[in-house]
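Asks: Take a look at the letters that make up each chain.
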Amino acid sequence: MWKSTPDTKPTTTPNNTQSLPTPARPSLEPVRSKEFQNEMAHIGKSVIIRGELSGSEDLYLDGEVEGNISLLEHNLIVGPNGRVRANIIAKDVVVHGKVDGNIQGHDRVELKKSAVLSGDISTQRIVIEDGAFFKGAIDIRKESGKSDSKKEMAAAASAGTGYSSSSASGGGVSAQRSLVDAKFEPKI
Amino acid sequence: MAPDFLKFLRGSLKAGAAPASGRAPIRSQRSSSGLKEFSKHIGPEEPRVILDLGPTSPTNLMRLTGMGHKVYNEDLLTASTDPRYLVKREDGKVDLSPQDFFAESLVFDEASLDAVLAWDLPDYLPEALVKPMVDRLHRALRPGGVLLGFFHTREAGSEAPYHRYHITGAETLDVQVVEKFKLARVFNNRHIENLFHDFKSVKFFLARDHFREVLVVR
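Just so you know, the protein sequences line up as chains U and Z, in that order.
The opening position of the first sequence corresponds to residue 1 in the working numbering, with each subsequent residue numbered one higher.
The opening position of the second sequence corresponds to residue 1 in the working numbering, with each subsequent residue numbered one higher.
Next up, chain U with everything else stripped away, as it sits in the complex (with noise of 0.2 angstroms):
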């Protein structure tokens, strides 16, 4: 169920050169990755959850959700196994799952080589693999204030809506589904 990614040691370093002292340099990791793998918490394949998804942490998902997820200032991974039928609020989103809801991704949205998407996207940058399928939209909003940008997510967090699909003017297909207390209800 949840559980905090054990803390991973560097297996980069050649073997000849471990004991040294190395001197700082640019890691060849990009800088997302390496934040990723922070304390991030862990929701594997067999779990799923119906209900609204929050937290204060970045978060790895390989199970299933229905609902919502809001993780305004942390990352979110959906894993290759991960099924969310959710809107999705988060700093970063990245995507290899399938997900069926908009997504809003403050910073950046990513939508990995074996991604399914069905929904909006709004993020500031976004990132498609080649081979990700997309239905939906993607409106690239332009940076702004961070404040402002936190009293959006805030709101929108608040708001508390349920999952919704949109069309182009947000008056289409709509289906809205009831919350309840999120219940974790592991596959047998």
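Take these hints with a grain of salt, some might be off.
[To be verified] BS3-like mimics (lysine-lysine), calculated; alpha carbons at most 30 angstroms apart, straight line:
id, chain 1, residue 1, chain 2, residue 2
1, Z, Lys93, Z, Lys36
2, U, Lys142, Z, Lys70
3, Z, Lys40, U, Lys142
4, Z, Lys70, Z, Lys40
5, U, Lys91, U, Lys112
6, Z, Lys200, Z, Lys70
7, Z, Lys131, Z, Lys182
8, Z, Lys182, Z, Lys88
9, Z, Lys88, Z, Lys200
10, U, Lys113, Z, Lys182
11, U, Lys142, U, Lys91
12, Z, Lys182, Z, Lys203
13, U, Lys112, Z, Lys70
14, Z, Lys93, Z, Lys40
15, U, Lys45, U, Lys113
16, U, Lys91, Z, Lys70
17, U, Lys112, Z, Lys182
18, Z, Lys200, Z, Lys93
19, Z, Lys70, U, Lys113
20, Z, Lys36, Z, Lys88
21, U, Lys142, Z, Lys36
[Claimed, not checked] Examples of chain U residues toward chain Z, derived with CB under 10 angstroms:
id, residue
22, Ile128
23, Glu129
24, Gly131
25, Phe133
Keep in mind the hints are simulated off the structure, nothing from the lab.
By construction, the Cβ of each residue, glycine as well, lies at the ideal position given by its N, Cα and C atoms.
We have chain U; now place chain Z onto it with these hints.
Replies: Only chain Z this time, still in chain U's reference frame:
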């Protein structure tokens, strides 16, 4: 989404990236007069709302959003193969239901789109969906909005492959062969004019590679 459809989807996308034969994906550059005209309409001057009906193309999405436009993507052809839209008729025959299909596809408010990239979709889409699709696009496009479509000529032959189109410039396309779909029909010019009968104008651009590019103005 049905599991079978997901499997198919991943299969088709894999096919797009690398054909089953193991050959490298066939891609070529192509200049397009229709796209040039289309680009003039959307321009970078003001943000537009653009619908891409082809398979998801990161190149197109990045390029168009980079120009400040809002972009919708609906891969109608892949969606049309979803078994959820199949219904069993009284005579036992299984058929695609346009009603079910359009209950979940091309759901846009009236006059909410500025431009549509239809590519060569009408040549491959199941017959029952073609006219309803055009009617829906007519409704969704604002007056003055444009649609870019590509239509094969008879010389292309029945084995003409389906393509993914990646916009690489104001008038250049990177064309990628997708071996998953077969040509369903070939329209002649009269058919094309009839198809877009309700639109304000239909402009043809003849190409040397067995294509007619068509820019339709709502």
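Asks: Hint by hint, note whether the structure agrees.
Replies: Here's how the hints hold up against the structure:
1. A C-alpha spacing of about 44 angstroms is found between Lys93 of chain Z and Lys36 of chain Z, which places the hinted pair above 30 angstroms, so the restraint is violated.
2. Proposed proximity of Lys142 of chain U and Lys70 of chain Z is supported: the alpha carbons are some 12 angstroms apart, at most 30 angstroms.
3. With a C-alpha separation of about 24 angstroms, the suggested pair Lys40 of chain Z and Lys142 of chain U falls inside the 30 angstroms cut-off, and the hint holds.
4. Simply put, Lys70 of chain Z and Lys40 of chain Z have alpha-carbon atoms about 17 angstroms apart, close enough for the 30 angstroms limit, and the pair holds.
5. For the given pair, Lys91 of chain U sits about 17 angstroms from Lys112 of chain U by alpha-carbon distance, which is consistent with the 30 angstroms threshold.
6. About 24 angstroms separates the Cα atoms of Lys200 of chain Z and Lys70 of chain Z, which keeps this hinted pair within 30 angstroms; it holds.
7. With a CA separation close to 19 angstroms, the supplied pair Lys131 of chain Z and Lys182 of chain Z stays within the 30 angstroms bound.
8. Between Lys182 of chain Z and Lys88 of chain Z, the direct Cα distance comes to roughly 24 angstroms. Compliance with the 30 angstroms bound is thereby established for this hinted pair.
9. Our distance criterion of 30 angstroms between C-alpha atoms is broken by Lys88 of chain Z and Lys200 of chain Z, whose separation comes to about 38 angstroms.
10. This hinted pair checks out: Lys113 of chain U and Lys182 of chain Z have alpha carbons roughly 24 angstroms apart, not beyond 30 angstroms.
11. Among the hinted pairs, Lys142 of chain U with Lys91 of chain U is consistent with the structure: their alpha-carbon atoms are about 15 angstroms apart, no more than 30 angstroms.
12. Annotation: proposed proximity of Lys182 of chain Z to Lys203 of chain Z holds, straight-line Cα distance about 26 angstroms (limit 30 angstroms).
13. Restraint check for Lys112 of chain U and Lys70 of chain Z: satisfied, since their Cα atoms lie roughly 21 angstroms apart, inside the 30 angstroms limit.
14. Of the supplied pair hints, the one linking Lys93 of chain Z and Lys40 of chain Z is violated, its CA atoms being roughly 47 angstroms apart against a limit of 30 angstroms.
15. With a CA separation close to 19 angstroms, the supplied pair Lys45 of chain U and Lys113 of chain U stays within the 30 angstroms bound.
16. Between Lys91 of chain U and Lys70 of chain Z, the direct Cα distance comes to roughly 21 angstroms. Compliance with the 30 angstroms bound is thereby established for this hinted pair.
17. A threshold of 30 angstroms between alpha carbons decides the hint, and for Lys112 of chain U with Lys182 of chain Z the separation of about 28 angstroms falls inside it, so the pair holds.
18. Proximity of Lys200 of chain Z to Lys93 of chain Z is assessed by CA-CA distance (about 39 angstroms); at most 30 angstroms being required, the pair is judged violated.
19. For a cut-off of 30 angstroms, the pair hint linking Lys70 of chain Z to Lys113 of chain U stands: about 22 angstroms separates their Cα positions.
20. Taking the CA atoms of Lys36 of chain Z and Lys88 of chain Z, the gap is about 44 angstroms. The hint is violated against a cut of 30 angstroms.
21. Taking the CA atoms of Lys142 of chain U and Lys36 of chain Z, the gap is near 27 angstroms; set against the 30 angstroms cutoff, the hint holds.
22. Evaluation of the Ile128 of chain U hint against chain Z yields a held restraint, the C-beta minimum of about 4 angstroms falling below 10 angstroms.
23. The interface hint given for Glu129 of chain U holds, since its Cβ lies 7 angstroms from the closest Cβ of chain Z, which is under the 10 angstroms cut-off.
24. Below 10 angstroms, beta-carbon pairs count as interface contacts, and Gly131 of chain U has one with chain Z at about 5 angstroms; its hint therefore holds.
25. Checking Phe133 of chain U against chain Z by beta carbon gives a least distance of about 6 angstroms; that is within 10 angstroms, so the hint holds.
In this structure, the earlier hints numbered 1, 9, 14, 18, 20 are contradicted, and the remaining ones agree with it.
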